[in-house]
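Chemist: Read off the chains here:
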Amino acid sequence: MKQETIKTKKINWQTLLAPLALVILYIFFSIFGNNFFSADMLKNILESSYYIGFMAFGVTFIIITGGIDLSLGTVMMCSALIGAYVFKQHHWPLILALLLTVGVGVLFGFLNGTLVARLKLPPFIATLGTMMMSQGIGSIITSVQSQTWPTATEPVGGWFKKVFIRNDFASFRGFPVGALWLIVFFVIATLILHKTKFGRYTFAIGSNEEAARLSGINVIKWKTGVYTLCGFFVGMSGIFYAAAYTTITPGTGNGQEMNGITGVVIGGTSMSGGSGTMVGTLIGVFIMSVLKNGLSACGLQAPWQTFFTGLVVIGAVLLDIQRTKAANRVKKG
Amino acid sequence: MAETILYMHGIQKYFPGVHALDDVHLELRKGEVMALVGENGAGKSTLMKILTGIYSKDEGTIELYGQPVEIHSPRHAQELGISIVHQELNLMQDLTVAENIFIGRETTKGAFLDKKKQNRMTDELLGSVHLDISAKTPVKHLSVAKQQMVEIAKALSYNNTKILILDEPSASLTTSEIEDLFSFIRRLKATGVGIIYISHRMEELKDITDRITVMRDGQYVDTVNTADTTIDQVVQMMVGRVIYEEPKTHSNVPADAPVILEAEHLSSNVVKDVSFQLRKGEILGFAGLMGAGRTETMRLVCGADPRDTGTIRVNGEEVRVRTPADAVKAGIGYLSEDRKLFGLCLSLSVADNIAMPSLDSLTGALFVKDKLIEKHSREYIEKINVKTPSSHSLVRSLSGGNQQKVVIAKWLLRDCDILIFDEPTRGIDVGAKSEIYKLMNQLTATGKSIIMISSELPELLRMSDRVVVMCEGRVTGEVDIADATQEKIMTYATMR
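These protein sequence lines map, in sequence, to chains H and P.
Under the numbering used here, the residue at position 231 of the first sequence is numbered 231, and the numbers go up by one with no gaps.
Throughout, the numbering used here is defined as the position within the second sequence, counted from one, plus 1000.
Just chain H, with the same shape it has in the complex (with noise of 0.2 Å):
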């Protein structure tokens, strides 16, 4: 009984500590950086973490069942470049564009959950070969021309940025719409994976897929449901790169599944599976955002911000082995 106050408590400073490096580097940045404690600053925060927050919720739930998702970046454009391309040269309604987008990132969700669940191909074998099919098919489609999303001024399809990024409401000009949409799926992530039968599950299948096999849980079912889950939340992150970025180009977002997992990994979920949360998701994409952010306020530029948010990843794998060092400490104990 004793060990096990030892350990809730290790495991609250734990939980604790995501959200106290969040904090520490805003005002870090505030102190330092140039004009980095002001309401633009917050929106450019926010707006730079949309779409990896989306990617980051998807690749929670295989990240928690023990797998791996390669193809977040690419299938992210992928999805972009195709919606962008029905929209611009088929003259598709923007509305069905998007679904389109958001259906090509849950065709390669479901790709990926039948070769890992039903096929049994390695998470990081089965992920690659889709993270370069999905790159491959983008430039096919598209005979690799860069695919432009409406802009804010255009006649058809203006309303694009102003549902998605941010609009003006009577005195509050350039409200952070973005925001909002990622906080209604924030919380619908956090719902089914700490409320749901479909998260329990997730958990399960992490901890001991054998177990849950043998408890008479359907695997294949449900892990291959985890990974189409993880391509919804992929295609919705395309719309909002599409939304930022406007302008998509071919054969890119190689290296964007990096920035997903990273914010997944700081946000305290165990990449051996079985454990994480939402919410440090949450936070872990904020941080990443806050860092790259910060750090241009402080005049470092780009390689400067790739390499300190490498440091953070292996400063956040560390962490992780060492709670999975106490976690077996208690266990002999």
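Quick caveat, the hints were computed from the structure, so don't treat them as lab data.
Predicted, not measured: the structure shown is a model, and the values here were computed from it.
A few of these clues could be false.
List time: in silico DSS-like cross-link candidates among lysine-lysine, alpha-carbon distance up to 30 Å [to be verified]:
#, chain 1, residue 1, chain 2, residue 2
1, P, K1272, H, K195
2, P, K1340, H, K197
3, P, K1387, H, K221
4, P, K1140, H, K197
5, H, K221, P, K1375
6, H, K195, P, K1383
7, P, K1272, P, K1140
8, P, K1162, H, K221
9, P, K1162, H, K197
10, P, K1375, H, K195
11, P, K1387, H, K195
12, P, K1371, P, K1387
13, P, K1329, H, K120
14, H, K195, P, K1371
15, P, K1272, H, K197
16, H, K120, H, K221
17, P, K1329, H, K195
18, P, K1272, H, K120
19, P, K1329, H, K197
20, P, K1340, H, K120
21, H, K221, P, K1371
22, P, K1387, H, K162
23, P, K1369, H, K195
24, H, K120, P, K1140
25, P, K1375, P, K1387
26, P, K1340, H, K221
27, P, K1162, P, K1140
28, H, K197, P, K1369
With chain H's structure known, arrange chain P on it following the hints.
Modeler: Using the frame of chain H, we list chain P on its own:
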């Protein structure tokens, strides 16, 4: 009486907040095997860690050959002639016997290894303990028992080992391998080595030990001559009360009890045409040597592995069991010896584990009914006496016996009428064992039916109403408990 080579007296050990050892004595004589027994947490390993220099004692004396000694470190213990062989094998599978024995202190000639000399020394060492293994054999080609003996030989290869501690050496061995190990231990005894033998398998103490020292709750209870005592007496000393269920002399199942589970002509690549019937309220024992195909058979019954042929009937009706989910739906729950691998999600809470197979019925339109799960898991925690701080505790933090009970609880909550217990008491201590036995009898009294696979014959004879014996994938015999003896079962079990 043989000379006393080790005398530990009045040993005290404190850990923060715990009085781990309180005035413990231990005496070991030349050329004897002395069992050190006690439940988990009785202080056996703490005492052995003091003897091998891992912990230092807080009070008390240790005498070797009448000379008081202080043991400072594991290395120092080894220099004093005290060696320990751990339960887990620490051999490198791809290296040879000689390379394993001399790992870290290889024989060299100049800058190069002197394999010839090393092999010769190893052969000498193995010969001196009458072990018929070549120094050049890769360890992976040896049986687990032989590997165990290589570990022991390795311990002896340190100069002048006179005191050998064997920590559960038989835990992973089959019956015939244990015989092999025992004759090896007897040969060692003859060379004058004193052996401290730690084991949870009560029955084998009779075979191999000369004396038994019992510990309980960090205290010394008594030392008895093995020949003058019974296993039940030893167990009683260990737990401080009478615990085992009375052995069955006749079946408790009425002759006309309905057949609840019937398997016919089951086969896979290991299982060959196995048929059996389980009746309501029965404990059906499955006996056999390791590799007889008992676990494989049960994995077919519960859908864990695909089967080539065979039908399964529950309450007379055929059920299509193709996945574990089908089996669970038909009311068949499987509890494995390896609960960590097959039974539990260690990183999840007790309540989550208990609720796992029943989650369908514990979910509303959208969300899981956590309060209901809480209520049910509390109910079962209480009913079958799972010792856990709360239903939110992680299963990882529970002891083996209590983890096993969590697995039972999850099948009970799922309302499974057929429970398959595969080695349910392996690796858990006597007190917890007896609780599992009691629980099994309570379950059958309430109309559940149990299939119990066990490699411990006394356990099967104590619990079963009927015993099915398997050998090499086939059913070779079936005996009613009234006529069952160890000899009879062993005859069937070796009937090739």
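Chemist: Next, verify each hint and record whether it holds.
Modeler: Structure-based check of all given hints:
1. P:K1272 with H:K195: With a Cα-Cα distance of about 45 Å, the restraint between P:K1272 and H:K195 is violated, given a limit of 30 Å.
2. P:K1340 with H:K197: Distance ~23 Å between P:K1340 and H:K197 Cα, so the pair holds.
3. P:K1387 with H:K221: 35 Å, violated
4. P:K1140 with H:K197: 44 Å, violated
5. H:K221 with P:K1375: 29 Å, holds
6. H:K195 with P:K1383: 27 Å, holds
7. P:K1272 with P:K1140: 28 Å, holds
8. P:K1162 with H:K221: With a Cα-Cα distance of about 59 Å, the restraint between P:K1162 and H:K221 is violated, given a limit of 30 Å.
9. P:K1162 with H:K197: 59 Å, violated
10. P:K1375 with H:K195: 17 Å, holds
11. P:K1387 with H:K195: 27 Å, holds
12. P:K1371 with P:K1387: 21 Å, holds
13. P:K1329 with H:K120: Between P:K1329 and H:K120 the Cα gap is close to 25 Å, so the pair holds against 30 Å.
14. H:K195 with P:K1371: 12 Å, holds
15. P:K1272 with H:K197: Violated, at about 39 Å.
16. H:K120 with H:K221: With Cα atoms ~13 Å apart, H:K120 and H:K221 stay inside 30 Å; holds.
17. P:K1329 with H:K195: 24 Å, holds
18. P:K1272 with H:K120: Distance of about 28 Å is within 30 Å: holds.
19. P:K1329 with H:K197: 17 Å, holds
20. P:K1340 with H:K120: Distance ~22 Å between P:K1340 and H:K120 Cα, so the pair holds.
21. H:K221 with P:K1371: The hint holds at about 27 Å.
22. P:K1387 with H:K162: The given pair, whose Cα atoms are some 58 Å apart, is violated under the 30 Å limit.
23. P:K1369 with H:K195: With a Cα-Cα distance of about 8 Å, the restraint between P:K1369 and H:K195 holds, given a limit of 30 Å.
24. H:K120 with P:K1140: 29 Å, holds
25. P:K1375 with P:K1387: Holds, at about 16 Å.
26. P:K1340 with H:K221: 23 Å, holds
27. P:K1162 with P:K1140: 28 Å, holds
28. H:K197 with P:K1369: 10 Å, holds
In summary, the structure is inconsistent with hints 1, 3, 4, 8, 9, 15 and 22 from the numbered list given earlier, while agreeing with the others.
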